[in-house]
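Number of protein chains: 2
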Amino acid sequence: MSQVIKLDSGVIRSDLPMADGRTIRYYDSAPHTRTASDTRPVEDQPGIGELRLDPLLNEWVVMAAHRQGRVFLPPKELCPLCPTRSDLLSEIPDSSYEVVVFDNRSPSLRAPEGDWALPDILGTDTDAGTAAGKCEVICFTDNHGGSFADLSERQVRTLMEAWRDRVRELSTHSYIRHIAPFENRGEEVGVTLFHPHGQIYAYSYIPARVEKMLEVAKAHHEETGRVLFDDVVARELRDGDRIIARNEHWVAFVPYAARYPFEIHVAPLSPVADLASLSAEQADAFPAISIEVMKRLDGVFGIAMAYIATWHQAPVREGREYLRLHWQIASVRRAPGKLKYLAGSESAMGAFIMDLKPEQSAGQLRDVQL
Amino acid sequence: MSQVIKLDSGVIRSDLPMADGRTIRYYDSAPHTRTASDTRPVEDQPGIGELRLDPLLNEWVVMAAHRQGRVFLPPKELCPLCPTRSDLLSEIPDSSYEVVVFDNRSPSLRAPEGDWALPDILGTDTDAGTAAGKCEVICFTDNHGGSFADLSERQVRTLMEAWRDRVRELSTHSYIRHIAPFENRGEEVGVTLFHPHGQIYAYSYIPARVEKMLEVAKAHHEETGRVLFDDVVARELRDGDRIIARNEHWVAFVPYAARYPFEIHVAPLSPVADLASLSAEQADAFPAISIEVMKRLDGVFGIAMAYIATWHQAPVREGREYLRLHWQIASVRRAPGKLKYLAGSESAMGAFIMDLKPEQSAGQLRDVQL
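Residue numbers (the UniProt record's numbering), protein chains in the order written: chain A, 1 to 370; chain B, 1 to 370.
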């Protein structure tokens, strides 16, 4: 039997057990009885990975050596993210769904057993840790051939409610320190499954880029009394020439110092720390602007744009007064047939070189006829 | 007429002017009179780019918007890095060469005019700067179809002398703060010219990854009195199971917390700050181990491995007591037909997930029959 929870905006969550002990969560925009059971044979759960410290940068690297064999670009009829409509038993037992969330079958991070703590950082004497955390898969639609830009506003609203629910629930685990919902789209960024979906990584440590953002924002706050990201949004609103879409609650812009061609940040006009903290009005206003942004991205060259779209938010229990929720979309195509690669300067030195002025890419994005 | 300079190991450098005012430097393992003149029509030099601060991370991003039109994977007969042997006038006027170095024709960074200073960092009030620095191209051989692994020991020794000469000379410019010679190899990492060559980026700011390494190494030194990278090499020598090659002066290993499949670090056993500080004996012992490492990399799957190989060294004028010279090779292929991508977790969060244990890839590299 399924456990049913009522969320905002009339969204209903129904939890059902999967054959191997995982849980599948259906998010429906209206009451819908979910009962289909997972009849696949039980599989052994993969072991937990290792956390090793890169001492040169004091950054944790996850060793997930059990993932090599994971599914790689299967044809449509073998897609594990489609609903189960034939003999092929996919990850989703029901024959249709709106949005579903379940643990990744080959997770890089997973729930630890018993007490868990991150090892102390002691240079090359640092112990290895276990790769605690959670890796969830979130399917945006049961339509295999669709994309984010093809979703209806109602579908994005349900997706938003699922994201908010996941952040709320994952935040209750004491071993989770930071949560990042993201979507990789396109073979160019290494997508292994075409079905429209995202992932939610819940880390047991503060990821390096968030740690740096936190450090910079904290220093800015101590110096000026202001929240850095609020200054960033204020500058974009003042300059205006990098804004590509706007409504009552959200603004979308190419940032002043973009690192990727057609990079877009989408931020609420009234700042909040994370997805769970959005007001109902803010959540309701997100579908229109997010669909517009994605349609503009695909419109620039008239081809599906490869991108990484990530929710940046404050960590679960620290620095919540310094960091703000926003959605960063990094696209890697700089022209038809030309990609932006992270080569020597970017990847070895962390020094980004941009071939396209942000004002120019903002203009191209604005010029797209919707 | 060329200007001739004698370097170590019998290498001779001959400088000649190029048509557009740049200088070409020939590095020869024995005296060789270089006189061929560049008869191409004079072209306008591109303008200098802009440095913009990404305020969320306090990192400079180079806006080099004039580079979009650069040459992209030309066929062999139009290769600008081949010597000039026919009607096609390439970047190298002579009909043969050993190693040559010249300024990139579409540089991301270039020499500033007059006094130059990096703007003060003031959050979103930070001024834009001009993209001062140098971007040089270094051709490893005049053999278009070769690769690093195909070079003779004598050729690598000449290349090493050219690298050392460039570091010495670029270090004399007051606007240069950090120098990174690197090689991108393979279309998979965005290579635009197949001819075996590398690049030398000389930055007017400390690149983000070096800044972090410096910060970590400095804190480690203050706490322990030791240099962090020396601890790293000591641990690798002690553990032993990640070492893949070694000689009297150098050791090559897959690092304990590798971020890339088949990542290899090559370090001198007697530590130095930068390429210019290597002893003659160390420089002489580099060709054998570097060629072995590259042959092992190509041998793992029997296909040319795509990689980014970068010299990490101490900055020009700061932190020289904390950072050490070493060569990092990051390969992106994890299996035949499978690449490692920097997707959501890596690129948006800076949190690396590895599919292959370092001890396993070290074993595969050691097992390659040379």
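If you're looking for bench data, these hints aren't it; they were derived computationally from the structure.
Since this is a predicted model, take the numbers as computed values, not measurements.
It is possible that part of the hints are untrue.
As the list claims (entries may be wrong) - Taking lysine-lysine and the DSS-like style, the derived pairs with C-alpha atoms no more than 27 Å apart in a straight line are:
| hint | chain 1 | residue 1 | chain 2 | residue 2 |
| --- | --- | --- | --- | --- |
| 1 | B | Lys357 | B | Lys338 |
| 2 | A | Lys212 | A | Lys295 |
| 3 | B | Lys212 | A | Lys338 |
| 4 | B | Lys76 | B | Lys212 |
| 5 | A | Lys212 | B | Lys212 |
| 6 | A | Lys212 | A | Lys338 |
| 7 | A | Lys218 | B | Lys212 |
| 8 | B | Lys218 | A | Lys218 |
| 9 | A | Lys212 | B | Lys218 |
| 10 | A | Lys295 | A | Lys76 |
| 11 | B | Lys295 | B | Lys338 |
| 12 | A | Lys76 | B | Lys338 |
| 13 | A | Lys338 | A | Lys357 |
| 14 | B | Lys357 | B | Lys212 |
| 15 | B | Lys295 | A | Lys338 |
| 16 | B | Lys357 | B | Lys295 |
| 17 | A | Lys6 | A | Lys76 |
As the list claims (entries may be wrong) - Which stretches of chain B does chain A cover? Using the computed rule of at least three CB atoms under 8 Å from a CB of chain A, they are:
| hint | stretch |
| --- | --- |
| 18 | 77 to 90 |
| 19 | 335 to 345 |
Glycine is no exception: its CB is placed at the ideal position from the N, C-alpha and C atoms.
Here's how the hints hold up against the structure:
no.: 1; hint: Lys357/B <-> Lys338/B; verdict: 16 Å, holds
no.: 2; hint: Lys212/A <-> Lys295/A; verdict: 32 Å, violated
no.: 3; hint: Lys212/B <-> Lys338/A; verdict: 31 Å, violated
no.: 4; hint: Lys76/B <-> Lys212/B; verdict: 40 Å, violated
no.: 5; hint: Lys212/A <-> Lys212/B; verdict: 10 Å, holds
no.: 6; hint: Lys212/A <-> Lys338/A; verdict: 30 Å, violated
no.: 7; hint: Lys218/A <-> Lys212/B; verdict: 17 Å, holds
no.: 8; hint: Lys218/B <-> Lys218/A; verdict: 22 Å, holds
no.: 9; hint: Lys212/A <-> Lys218/B; verdict: 17 Å, holds
no.: 10; hint: Lys295/A <-> Lys76/A; verdict: 24 Å, holds
no.: 11; hint: Lys295/B <-> Lys338/B; verdict: 20 Å, holds
no.: 12; hint: Lys76/A <-> Lys338/B; verdict: 20 Å, holds
no.: 13; hint: Lys338/A <-> Lys357/A; verdict: 16 Å, holds
no.: 14; hint: Lys357/B <-> Lys212/B; verdict: 25 Å, holds
no.: 15; hint: Lys295/B <-> Lys338/A; verdict: 30 Å, violated
no.: 16; hint: Lys357/B <-> Lys295/B; verdict: 21 Å, holds
no.: 17; hint: Lys6/A <-> Lys76/A; verdict: 33 Å, violated
no.: 18; hint: 77 to 90; verdict: violated (count 0)
no.: 19; hint: 335 to 345; verdict: holds (count 9)
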